[in-house]
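Q: Each chain, letter by letter, is given below.
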Amino acid sequence: MNEQNESLESLLSKAAHIDDDGFTEALMIRLPPSRPSLRMRATILLAATLTSCSVVAAVPGARRLLAEISVVLVSGSATAGFNLLVAGIVVSLVVWGAMAAASSEA
Amino acid sequence: MEDAPLIARVVADDDRHAFTTLVRRHQSAVRGFLLRLCCGDGALADDVAQETFLRAYQRIGSYRSEGGFDSWLFSIAHRAFLPEKRRRHWSVEELREEPEVVESSAPNTGETAADIARAMRHLREPERACLSLCYQWGMSHQEMANVLDYPVGTVKTHIARGKEKLRAHLSSYGQQRKQEE
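Those sequence lines, one after another, are chains A and B.
The numbering of the first sequence is the working numbering, which starts it at 1 and goes up by one.
The numbering of the second sequence is the working numbering, which starts it at 1 and goes up by one.
Hints in this document: simulated from the structure, not taken from any laboratory.
One should not assume that every hint holds.
[Stated by the list, open to error] Label-pair restraints from in silico Cβ distances:
| # | chain 1 | residue 1 | chain 2 | residue 2 | range |
| --- | --- | --- | --- | --- | --- |
| 1 | A | 72 | B | 1 | 23 to 31 Å |
| 2 | A | 72 | B | 83 | 44 to 52 Å |
| 3 | B | 58 | A | 21 | 22 to 30 Å |
| 4 | B | 88 | A | 52 | 46 to 54 Å |
| 5 | A | 45 | B | 17 | 37 to 45 Å |
| 6 | B | 67 | A | 16 | 17 to 25 Å |
| 7 | B | 149 | A | 43 | 49 to 57 Å |
| 8 | A | 43 | B | 87 | 41 to 49 Å |
| 9 | B | 87 | A | 71 | 51 to 59 Å |
| 10 | A | 72 | B | 79 | 42 to 50 Å |
Note that the structure is predicted; figures quoted are calculated from it, not measured.
Glycine included, each C-beta is placed from N, C-alpha and C at the ideal position.
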């Protein structure tokens, strides 16, 4: 029985090497487009943050908008809150689009 | 170069060259494992292997080095194979008659790698998976449990049952050969 076991296990342990035979090339063609590296993503985020800060600091209208937002947040008005939510989604989509565009160029 | 620095380069810089090296290094093991799961259907095994490496590329950031890169790939391969198995409603009768097998020098019992491949096709998928990982890739029960997402006790049962069935089939092949002689 032991001998039978050894023979079975020795047969099972034989793993034949499989040649690549174009497998890797075929796979590399199917890979999704390059994504930006971590460094690039960090750079994009930093640039976006700096740009936002500059806009807020430089444009008087932006300061007023921020003040409005803080009022809405404090007052808790439902309509204004909804408008703010929609505006937030739109801005997020715009930023996401910009990031996607940047990543496809990277 | 070892796997870890290559993986780090793929994660940090999306280094395609590093990923190519990883695929070339591990394709044989993954395709061999899937060939066993797919009962020798090389085309299907390669399709699932492609899907495996695509998923590995997409999720490489989540790879943790505890179990080794091979184990991680086997785990993805097994998960990629399961829907295929369900979709095809495989049964032994539906499988192709002769699987693709590389002949090797057999021990003195008269059994060959072709016999093993033929007998493996009569096993249930979890039994094939456990036997392959255990003997071809030398994994421990715990490693197999992690890869296949089964409890350790279940892994042991699949191995024991799988070996029992294999022995029975191999013995019947031996008898057939004797009768033919």
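Q: Could you tell me which of the numbered hints above are not met by this structure, giving the numbers in increasing order?
A: Of the numbered hints given earlier, those the structure breaks are 1, 5 and 7, listed in rising order.
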